[in-house]
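Asks: Listed below are the residues making up each chain.
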Amino acid sequence: MSTFASSPLARTLWYILKRAVQALVVIILIAVALFLVFYMLPANPAQLSCGKPCTPEQLQRVSAFMGTDQPWYAQLGAYMLGIFAGRTFGTGASAVVCSAPCLGYSFRLSTPVTTLIAQRFPVTASIAIGAAVLWMLVGVSTGVLAAVKRGTWVDRLLNALSSIGISSPSYLIGLLAIIVFAIELPLFPSSGYVAFSTNPLEWLQHMLLPWLVLALLNAAGYTRITRAQMVTELEQDYIRTARSKGVPERRIIGVHALRNALLPVMTLFGLDLGALLGGAVLTEKVFSMQGLGMLLLDSVTNLDLQVLVGSTLFAAALVIIANLIVDICYSLLDPRVTLGH
Amino acid sequence: MKKKSLALTAVAALTTLSLALAGCGSSATGLGGANASNGSNTQAAPTKGGTLTVLTSGTSINLDPASSQNLATTTGGMIHRRLNEWKVSKNGDAELVPDLATNTGKPSENGKVWTFTLKKGLKFSNGQPITSKDVKWGLERSFADTFSGGLSYHKQLLEGAQDYHGPFEGQELNSIETPDDQTIVFHLNQSFGEFDWVASLISFSPVPYGEGKNKDYGTTPVTTGPYEVKSNVPGRELVMVRNKYWDASTDSVRKAYPDSIVYKMSQDSSVAAQQIMAGSGDGKTSMLGDLVPPAQLAQAQANPAQKALLATSGDGALEYLAINNERVKDKRVREAILYATDREAYRTAAGGEIAGGYASTLITPGISGREQYDLYKPGKTGDVKKAKALLAQAGNPKLNLTLVATSSQTEKASAIQTALKRAGITVTIKTLDSTVYSDTVRNAGDFDLAISSWQPDFPSPYANIAPLFDSSQIGNGNMNESHYNNPEVDKLIAQATGTVDKAKALKLWAEVDKRIMEDVPVVPLIYSHNTFLRGSKVANFMIGTFPAYPDYLVVGLSK
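Chains as they are written, first to last, in the numbering used here: chain U, 1 to 341; chain Z, 1 to 559.
Derived by calculation from the structure, the hints in this document are not laboratory data.
Model, not experiment: these values are computed from the prediction.
Ideal placement from N, C-alpha and C gives every residue a C-beta, glycine not left out.
Warning: the hint list may mix true and false statements.
[To be verified] Rough simulated footprint, nothing fancy, chain Z against chain U, three-plus residues with beta-carbon under 8 Å:
no.	region
1	45-54
2	73-79
3	173-180
4	235-246
5	289-296
[What the hints assert, rightly or not] Below, simulated DSSO-like cross-link-like pairs (lysine-lysine); rule was C-alpha separation at most 27 Å, straight line:
no.	chain 1	residue 1	chain 2	residue 2
6	Z	K329	U	K285
7	Z	K377	Z	K329
8	Z	K514	U	K52
9	Z	K244	Z	K507
10	U	K52	Z	K491
11	Z	K380	U	K52
12	Z	K48	Z	K329
13	Z	K421	Z	K385
14	U	K52	Z	K87
15	Z	K380	Z	K421
16	Z	K377	Z	K514
17	Z	K106	U	K52
18	Z	K230	U	K285
19	Z	K119	Z	K106
20	Z	K244	Z	K380
21	Z	K255	Z	K213
22	Z	K48	Z	K264
23	Z	K90	Z	K388
24	Z	K123	Z	K48
25	Z	K329	Z	K514
26	Z	K307	Z	K255
27	Z	K421	Z	K90
28	Z	K112	Z	K90
29	Z	K284	Z	K307
30	U	K245	U	K149
31	Z	K386	Z	K421
32	Z	K264	Z	K284
33	Z	K112	U	K52
34	U	K52	Z	K133
35	Z	K502	U	K52
36	U	K285	Z	K380
37	Z	K388	Z	K377
38	Z	K507	Z	K87
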C-alpha cells in the first residue's frame, strides 16, 4: 500500500522545496558577493547625492541618511532585514519609507526597488517572451528541416545562415534594423515602449522589431542544436523500427524523434529565457526601452547599490524559477524522467 | 537609388557602432574642419505653437529644485523661475537679470545681507500666489537630508545653515527673513559679492509653502515658468504643457514658443541623431539633448543640408591637465610640464579644430571679468628647450609620472605622454573606470597628472575659480583636483568673493586668475566646444557664449 510520502506528488513537492532552499542559499550568496564587491570599490555612493559643492559635514549627513556610513555587513544585514520587515531612511515627516518586501530604495530615482522592478519587468517580459516564442518556432522548425534535408543545399543554406546569426552582435543588428526599417523605411517605430494595457496595437508595433532582431540572432543556436539532436535521434534503432512498422514519416519526425530531440533544447531555452527575463541589456539600450537590463546598467553607472542588488536578486530568482520549470517540463516530455531522481 | 542609400546607411551604422564601441565620449573626434556656427543664421523664425521634442539618453529627469543640478537655461529653467535668471547672447557675456525679483538683489552690510523684492501678481501653476515664504520654504527644503544632491552654494553661505536639517519638523532657517509677502532677506556668514548669481540657481525656485514633503516631489512639481509638468515617467517621457498662470509680461528671458515640450528619454544618441538628420518621425521638430555622437557628426559635416542643423558652441569649458601639487611640489617641474605640453597634439587627439580653442587663462570666455593673458607663452606645440632648462634648474629629477585617465581619454592621454617624453619626462598612463577615476582624482589623490574639464555652475569668476583652486575644495568629491593649497590664494579668493563692488571684484578675480597661474597648479589645454543637433523645423536654436549648451528658453518651431 503506497503512502503519500512515496507518491509522485509528494516527491515532486519535496523536490520543489529542496530547490527553493537551494535557490535561497544562492540568492543570499549573490547578495553577500555584491555587497562585498561594492564595498571594495573606491567610491562613495553618498558623494553622488551630496550636492555641489559638498562639505565634509554634508557628506557625513548624506552617508548617515543612506546608511552607507555603516560597515558592509551591517548594510547587508539591514538590507536583508528590509526584505522581510521593510525599512525607513531618515526620521520625521520627510522620512523615506520602503515597505516590505523592501528590495532596497533608489535615492537617485526616489523610488523603492520593488516599484522599479514592477515598472520595468513588463517591458523586459514583453521583449523576452515574444522573442523567445519566435526564436523557438523558427529555430526548432529550421533545425528539423536541416536534419531531414541533411546534406542538401537546404541544410547548407540553413547552416550558413545560422553561422551568420550566431556571430552577429545584437547591438549592430539592432542599430541596422532601426536605421533601415524605422528611419529609412519607416515601417516600425524606432524606439520606445507602449504598455499592452495602454494600447495593444501600439505595443505590438513597438515590439515587432526587437522581437525580430532577437529572434533572428537567437534562433541560429536553436537551429544548430535541434539539427544535431534530430540527426542523432533519426539514426536511433527505435526510429528504424518505427519506419519498418510503417509509421508515417511525418509522425516519426514530428512525434518520435522531435520529442526526444527537444529535451536539451528545452534546457537551453529555460536558461536563455530566464537570463533574458532578467534584462535584455543591449536590446533595451538600442531600442530605448526601460526594462530590467537598463535598470541594472544604470545602477552600476550611478553606484546605486540597492537597485543593483535588488534587480540582480530578482534576475537570479527568474533564472532559478525558469530552470525549475524546465525540469518539470522534462518529466512531461519524457516519462522516464522523474523529479527528485 | 534606394539600394545605394540603404547601403550608405548601413555603412553609417557600422561606423557608428565601431565608434560607439571605441568609447568616444567627445562630440568632436577626428573630423578636421571646424564648424564655428553657434546657431545657423539660416534658421527660419520661430512661431508660437507646436510640440518640440527633446531626444535624450538620460533615463530620468529630476525636476525638484532642491536636488536638481540643472543649468538655468536648460530644462529646469523652462518650468522653474528663480529670483534671478541668465540672459545669454551669441556674442556678449552672459548677463544676470531679475526673474521673480524686481531687481537682481540689493546687498548691504558689505555683502553679508542681501534683499530681494518679488514682482507682484506672480502665480504658481496651481493658481496660488507666489510669496517670499514660498521661496524661503523651497530653500529650506533643500536642507532636509531627503532632498540633498542639488546645487548647494547657499548651504555654505547662509548663517546657521550647518546645523539646519530642513523645515519638516517645524524649524525655520532664521537667516532667511520674510518681513512681508514680497520681500526676502538673506543673512550670510561672510561677505559675498556674487550672491546675486547664486540666487539664479534652481535651488532659489519657490515651492508652495508646506508642500514637497515626499521624496518624489521632483517628478511632477508645482511650477512657476511658462510650462507645467503634465507627466514624467522615468525612462520614457516627460511632457510639459503651457502653464496658464505664467505671465509673459513679467518674464524678460523665456520666449515659450512651443505649446508643449516632450522629452523622450533613454534614447540611443546615435539612433536619435539619425532620426533628426533624416527628418523621420518627429525628427524635424526634435532637438538632441546630448552632444552629437562622433559618427553622426562626421556624417553631418559631409552633407551641407545636415551641417546646417548643427550648432557648435564657442570656447566653453576649460579642459586642463591637473598636476597633483601634493606630489609634484617643485614649481619648476610643474612649469616644465606646461612648456613640454603640446596643446596642438592634444587638440588633434580631441578632434581637431572643432574640439576647442587653445586655453591660457583659468576664467573662461563668456564670463564677465575675464582678462585674456598668457603668462608663459609656450606656443601651440610647447617649448621643449625651456622645459629642459627648467628641469635642469630643478636638478634634473628622474620623473616618472602617473597620468590617470578614463577610457574615453586614452588618445588625449597619449598625446600628453608623447609630448612630455620630449623633455625627458616619463608618463605612465593608468586607465581607470570613470567612478574609480573620480575617486582617485577627487579623494584619494593617488596620481600625478589627470585630464579634467570644468564649466562653472553659473557664469561668474567665483564659480570658475573657487571650486578648482580654493583649498576648502580638496577631497569629498570636490573639484580641486590639483590638490592646490596656497593660503595666499585662499585669502585672495576670499577677498574677491567678499567684494561687493562689481567692477572692483572683477578686477580682483582677474588678478587671482594670474596669481594662481604663477604657481602652475594646472596646464590649461583648450576651451572645449560642444556640438548639438536640431531638426529642420526647430528654430532659434542658439548657443550663447555661456553656457556651452543651447538656450532652451528661447527655442521654438518654424512653420
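Asks: Hint compliance check: list the failing hint numbers for this structure, sorted ascending.
Replies: Failing hints, ascending: 2, 4, 6, 9, 11, 12, 20, 21, 23, 27, 28, 36.
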